[in-house]
Amino acid sequence: MLKSLMYKEWLKVRWSYIGLVLLNMIVVINICISLFNAFKFYEANQVYDGVLSWGYVFYIDLMYIPLATGILLGVVQFFPEINSSRLKLTLHLPIKEIKSLLTIQWYGLSLLMIIFLADAVVISVMTFAYFPSEVVSSFLILSLPWFLAGLTAYIFIALVSIEPAWSRRIMLAVVGVGFVNLLFSNIISMGVETLFSKSYLYFIVITLILTLIILLSGYNYKKGIR
Amino acid sequence: MMNIKSVKIILTASIIFILSIYLPDIFWSTFRFRVERPMVSYSPVINDFLFQYSGKSNAGIKDRKGKTYTREEYEAVMPQFNFAQLMFAGKMPDSVNGIAVDVPLMKKNLFQSRFEPSTIDGFNYMMYPLIESQSGRVNLEYPNEFFIIKDKMEIIDSRTNKVNRDMTEAFTNVLKQHGFVFPAKKTFGNPTTRKAFDEGYFVIDNNDQFFHIKRVKGKPYCKKIDLPAGVNVVHFNVHEIVLKEFYGIFVAENNGLYLLTYDDYKVIKLAIEEYDYRTSSIRILGDLFNRTVSINNENKYSVFVLDREYKLKDMYKGQVLGKEESAQGKISAYLFPFSLSIVSSKSMFVNFFLKVLDLRFLIVNMILLSGLIVFFFIRKIPLDKNIFPLLLVCITGIYGLISVLVIRDFNSSNNFKLGK
Numbered sequence: 001m002l003k004s005l006m007y008k009e010w011l012k013v014r015w016s017y018i019g020l021v022l023l024n025m026i027v028v029i030n031i032c033i034s035l036f037n038a039f040k041f042y043e044a045n046q047v048y049d050g051v052l053s054w055g056y057v058f059y060i061d062l063m064y065i066p067l068a069t070g071i072l073l074g075v076v077q078f079f080p081e082i083n084s085s086r087l088k089l090t091l092h093l094p095i096k097e098i099k100s101l102l103t104i105q106w107y108g109l110s111l112l113m114i115i116f117l118a119d120a121v122v123i124s125v126m127t128f129a130y131f132p133s134e135v136v137s138s139f140l141i142l143s144l145p146w147f148l149a150g151l152t153a154y155i156f157i158a159l160v161s162i163e164p165a166w167s168r169r170i171m172l173a174v175v176g177v178g179f180v181n182l183l184f185s186n187i188i189s190m191g192v193e194t195l196f197s198k199s200y201l202y203f204i205v206i207t208l209i210l211t212l213i214i215l216l217s218g219y220n221y222k223k224g225i226r
Numbered sequence: 001m002m003n004i005k006s007v008k009i010i011l012t013a014s015i016i017f018i019l020s021i022y023l024p025d026i027f028w029s030t031f032r033f034r035v036e037r038p039m040v041s042y043s044p045v046i047n048d049f050l051f052q053y054s055g056k057s058n059a060g061i062k063d064r065k066g067k068t069y070t071r072e073e074y075e076a077v078m079p080q081f082n083f084a085q086l087m088f089a090g091k092m093p094d095s096v097n098g099i100a101v102d103v104p105l106m107k108k109n110l111f112q113s114r115f116e117p118s119t120i121d122g123f124n125y126m127m128y129p130l131i132e133s134q135s136g137r138v139n140l141e142y143p144n145e146f147f148i149i150k151d152k153m154e155i156i157d158s159r160t161n162k163v164n165r166d167m168t169e170a171f172t173n174v175l176k177q178h179g180f181v182f183p184a185k186k187t188f189g190n191p192t193t194r195k196a197f198d199e200g201y202f203v204i205d206n207n208d209q210f211f212h213i214k215r216v217k218g219k220p221y222c223k224k225i226d227l228p229a230g231v232n233v234v235h236f237n238v239h240e241i242v243l244k245e246f247y248g249i250f251v252a253e254n255n256g257l258y259l260l261t262y263d264d265y266k267v268i269k270l271a272i273e274e275y276d277y278r279t280s281s282i283r284i285l286g287d288l289f290n291r292t293v294s295i296n297n298e299n300k301y302s303v304f305v306l307d308r309e310y311k312l313k314d315m316y317k318g319q320v321l322g323k324e325e326s327a328q329g330k331i332s333a334y335l336f337p338f339s340l341s342i343v344s345s346k347s348m349f350v351n352f353f354l355k356v357l358d359l360r361f362l363i364v365n366m367i368l369l370s371g372l373i374v375f376f377f378i379r380k381i382p383l384d385k386n387i388f389p390l391l392l393v394c395i396t397g398i399y400g401l402i403s404v405l406v407i408r409d410f411n412s413s414n415n416f417k418l419g420k
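Read top to bottom, the protein sequences are chains X and U. Quick note: the first sequence, position 224, residue 224 per the numbering used here, numbers continuous. Quick note: the second sequence, position 126, residue 126 per the numbering used here, numbers continuous.
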């Protein structure tokens, strides 16, 4: 039953998902080409100087891409459910609601994580070709909150869609924007000012905890609490 | 069904978490408060402090007794900074208090050094260009080699992204001979060629020993610096300036401020007080006559004037209206039981900075609590079945009230969920 539920989700999102994969790949390839060109047109030590001493973040274009990916997948996956009240049918399947809701959510989260992992791996491999491993780990530390922002946005899009009462929808949207905004705290104006290297574990745990709230929204939806 | 109550608690906690970050933030950006701290400088002409206020209401320059100075008067008694303007206006003195002066001399002796908590609790790659300090060229040249001190002093060629084995071995061996314990904890230096000359880097090793490392004609130079007992370097500002009086200035774990003299590596302690490297910011201004150290704390500031022999000459301690004593600060102390922030001006790292001032917030919490009780009475919601929201408002005040009101999930007497 869970397998067919996942297959149903895949049928729903597949074209959009392929589109999102392409979007991510275009941005990542663009980052790779820019770095390749930097090394082609400047001396290697000039590029190193920029990256090590002057805060030249060559992968900055990636910043909002995971966020956009998370929002779009959330919209594609959950809006049709609500518009045609299809979720009602899902919740009446002979599986526990917890299981079906969490399956749908984690299916989407896994799809996102596959894209994000691909982004991170491609950029890391390319960075490692040009720079020592310290620069790779700093890329991972810097971009991790951006990826978490994508997951958080997805979680809250799902919540806002499923929640039946408008007042609570607005509240969830505000809280969601709040959480996502926190994850971009490392960007102040142009440069990278602060880093998550001491606190990223907390943010991973917070994101995991947030995935549970869908149970409450699902409960409200089923009971029709408005 | 998984315990829906516990999910509700998670949601409530998330709302309170978000509110305690953003509500104080919105409050402080609406009712902005700036600490009006004067800039204090010491005049070698009148041997006294002058205070420059930049606030909108009381802008102006005053001395200790309150006498005001015009800009021209100020410049005339501060020739050590304003020599260019004095020269331009034809008012440059030949001597100050019997010491003959000219512009190049004053320029050579002028320097500034700053320590901020956020740069001390900051991040760097620990990877720096290994600049050649005696290339035989008039200008410094940017090298192709970069180093990082891990289990050895690894030198990487940026052209190939490969380790330069010969140089790595040479530098690592010299460091080992001097008793360096790998890896390095912190590295300080100016990774640029836009400086008068190169003195390489100052490195704290894993045993808190302090080393001077540079590249001289392609060969390693290493010197272990003898620090006084109990002095552990926290942050070092390297100054490669033509004055060549010292390598730089450092802050130590014991909140002392020290100078490391040029060539003979002597450590001079500066007589300062009221400094905590985790919270205070410090500015050292050096000129031909004095060294002026200004230390800024939350609601006070102090200025110490040292002569060229680093003897304390004069000092001034002042108070300013701090953020917490301001009207806004008092209101926020009543309004917000606590405030959470994930960024801080004292650190370059994202973390959770929780701030609880005192218990003044309990007054507002009680008012909010009675408001909620009245609300319950009007809506005929039984109090005894809704202890949790009441308790929440009692402790978390405004945050709890907002979360209770937006979730709106109260138990009524006939166990029927009340909606809108």
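Please note that a few of the clues may not be correct.
Unchecked claim - No more than 25 angstroms apart at the CA atoms, straight line, and that leaves these computed lysine to any residue pairs for SDA-like:
{"#": "1", "chain 1": "U", "residue 1": "Lys-8", "chain 2": "X", "residue 2": "Ile-170"}
{"#": "2", "chain 1": "U", "residue 1": "Lys-162", "chain 2": "X", "residue 2": "Tyr-200"}
{"#": "3", "chain 1": "X", "residue 1": "Lys-198", "chain 2": "U", "residue 2": "Lys-5"}
{"#": "4", "chain 1": "U", "residue 1": "Lys-185", "chain 2": "X", "residue 2": "Ser-34"}
{"#": "5", "chain 1": "U", "residue 1": "Lys-162", "chain 2": "X", "residue 2": "Ser-34"}
{"#": "6", "chain 1": "U", "residue 1": "Lys-150", "chain 2": "X", "residue 2": "Gly-50"}
{"#": "7", "chain 1": "U", "residue 1": "Lys-186", "chain 2": "X", "residue 2": "Tyr-200"}
{"#": "8", "chain 1": "U", "residue 1": "Lys-162", "chain 2": "X", "residue 2": "Phe-128"}
{"#": "9", "chain 1": "U", "residue 1": "Lys-185", "chain 2": "X", "residue 2": "Lys-222"}
{"#": "10", "chain 1": "U", "residue 1": "Lys-355", "chain 2": "U", "residue 2": "Lys-380"}
{"#": "11", "chain 1": "U", "residue 1": "Lys-162", "chain 2": "X", "residue 2": "Met-63"}
{"#": "12", "chain 1": "X", "residue 1": "Lys-222", "chain 2": "U", "residue 2": "Thr-193"}
{"#": "13", "chain 1": "U", "residue 1": "Lys-5", "chain 2": "X", "residue 2": "Ala-165"}
{"#": "14", "chain 1": "X", "residue 1": "Lys-40", "chain 2": "U", "residue 2": "Ala-13"}
{"#": "15", "chain 1": "X", "residue 1": "Lys-99", "chain 2": "U", "residue 2": "Asn-164"}
Said to hold, decoys possible - Some chain X residues judged to face chain U by a derived CB distance under 7 angstroms, without partners named:
{"#": "16", "residue": "Val-21"}
{"#": "17", "residue": "Phe-41"}
{"#": "18", "residue": "Tyr-42"}
{"#": "19", "residue": "Asn-45"}
{"#": "20", "residue": "Ser-133"}
{"#": "21", "residue": "Leu-182"}
{"#": "22", "residue": "Gly-224"}
Worth flagging that the hints you see were computed from the coordinates, not collected in a lab. In this text, a Cβ means the ideal position worked out from N, Cα and C, and glycines have one as well.
Right, here's what the structure says about each hint:
{"no.": "1", "hint": "Lys-8(U) - Ile-170(X)", "in the structure": "17 angstroms, holds"}
{"no.": "2", "hint": "Lys-162(U) - Tyr-200(X)", "in the structure": "30 angstroms, violated"}
{"no.": "3", "hint": "Lys-198(X) - Lys-5(U)", "in the structure": "32 angstroms, violated"}
{"no.": "4", "hint": "Lys-185(U) - Ser-34(X)", "in the structure": "33 angstroms, violated"}
{"no.": "5", "hint": "Lys-162(U) - Ser-34(X)", "in the structure": "22 angstroms, holds"}
{"no.": "6", "hint": "Lys-150(U) - Gly-50(X)", "in the structure": "22 angstroms, holds"}
{"no.": "7", "hint": "Lys-186(U) - Tyr-200(X)", "in the structure": "22 angstroms, holds"}
{"no.": "8", "hint": "Lys-162(U) - Phe-128(X)", "in the structure": "11 angstroms, holds"}
{"no.": "9", "hint": "Lys-185(U) - Lys-222(X)", "in the structure": "57 angstroms, violated"}
{"no.": "10", "hint": "Lys-355(U) - Lys-380(U)", "in the structure": "37 angstroms, violated"}
{"no.": "11", "hint": "Lys-162(U) - Met-63(X)", "in the structure": "29 angstroms, violated"}
{"no.": "12", "hint": "Lys-222(X) - Thr-193(U)", "in the structure": "67 angstroms, violated"}
{"no.": "13", "hint": "Lys-5(U) - Ala-165(X)", "in the structure": "18 angstroms, holds"}
{"no.": "14", "hint": "Lys-40(X) - Ala-13(U)", "in the structure": "52 angstroms, violated"}
{"no.": "15", "hint": "Lys-99(X) - Asn-164(U)", "in the structure": "56 angstroms, violated"}
{"no.": "16", "hint": "Val-21", "in the structure": "30 angstroms, violated"}
{"no.": "17", "hint": "Phe-41", "in the structure": "15 angstroms, violated"}
{"no.": "18", "hint": "Tyr-42", "in the structure": "11 angstroms, violated"}
{"no.": "19", "hint": "Asn-45", "in the structure": "5 angstroms, holds"}
{"no.": "20", "hint": "Ser-133", "in the structure": "10 angstroms, violated"}
{"no.": "21", "hint": "Leu-182", "in the structure": "6 angstroms, holds"}
{"no.": "22", "hint": "Gly-224", "in the structure": "9 angstroms, violated"}
Going through the hint list in order, the structure does not satisfy hints 2, 3, 4, 9, 10, 11, 12, 14, 15, 16, 17, 18, 20 and 22.
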